[in-house]
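S.K.: Chains as they are written, first to last, in the numbering used here: chain A, 1 to 103; chain B, 1 to 103.
FYI, nobody ran anything at the bench for these hints, they're computed from the structure.
Everything numeric in this text was worked out from a predicted model, so none of it was measured.
Just so you know, not all the hints are guaranteed correct.
A pair holds if it fits inside one copy or across any two, identical chains being indistinguishable in the list.
Below 27 Å or equal to it, Euclidean Cα-Cα: the simulated DSS-like pairs (lysine-lysine) are [what the hints assert, rightly or not]:
1) K88 with K67
2) K35 with K67
3) K35 with K88
4) K67 with K78
5) K77 with K88
Protein chains: 2
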Amino acid sequence: MELNNPYYAVIFTSITTEEDKGYLEMVHQMESLAKSQTGFLGFESARGQMGISVSYWDSLGAIAIWKMQADHLFAQKKGREEWYKWYKVRICLVEREYEFGNG
Amino acid sequence: MELNNPYYAVIFTSITTEEDKGYLEMVHQMESLAKSQTGFLGFESARGQMGISVSYWDSLGAIAIWKMQADHLFAQKKGREEWYKWYKVRICLVEREYEFGNG
C-alpha cells in the first residue's frame with residue numbers, strides 16, 4: 001500500500017575480504033549503535049556469498065548522524081576499506097510496502 | 001552521491017517455512033524471470049535466519065509487470081503463503097548511492 005509517511009532504507013551490500021571474529025563483533029556493535037539512535041526504525045541482515053544489511057530510518061538527518069558514528073567506529077578499529085573487498089550503499093525512500101504473516 | 005536518474009529497489013525480506021529443493025529452484029526461476037525483463041537493472045540476494053533479496057528496476061511499471069509474472073509463477077507451483085512464514089515487500093526510490101572497490 002502507498003505510505004502516507006514514507007521513511008528511508010539504507011541498503012548496504014558488501015563482499016568482505018575475510019570473515020574474522022573482529023569483523024562480526026564490529027557488525028554487532030554497528031547494529032547496537034544504530035538501535036540506540038534517534039530516528040532508527042529497524043535493521044535486517046543476511047549473509048551468503050554477499051552480505052546485505054538494510055537499516056530503516058525516519059529521516060535523512062538520522063542517516064547522516066548514523067553514518068558519522070559508523071565511520072568513527074570503523075576508524076577506531078581499522079578502515080572500512082580493509083574489511084571490505086567491495087561495498088555499495090544506497091539511500092532509498094520507501095514509498096510502498098506490504099506484508100504477510102507474523103515476523 | 002545524489003542521482004540524476006533515480007531508480008527503484010524492491011526489498012523482499014522473508015522467513016521461509018522450510019528450505020526444500022522446490023523452493024530454491026523457484027527462487028532461481030524468479031531471478032531468471034526478472035533478468036529477462038524490460039526495465040530490470042540488477043538482483044542481489046543473501047540468506048541467514050532471514051532471507052533478503054533486492055531487485056532493481058528502472059520504473060514502477062516494470063515492477064508491476066514483474067510482480068504479475070512472479071504471482072503467476074507462484075500460482076503454478078504453490079501459493080506464496082505456503083512457502084513463507086512471513087515476508088515483507090518494500091518498494092523504494094533509490095535517491096543516492098556510493099560504492100567502494102570492484103564488485
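S.K.: Checking each numbered hint in turn, tell me which of them this model violates, lowest number first.
M.R.: none
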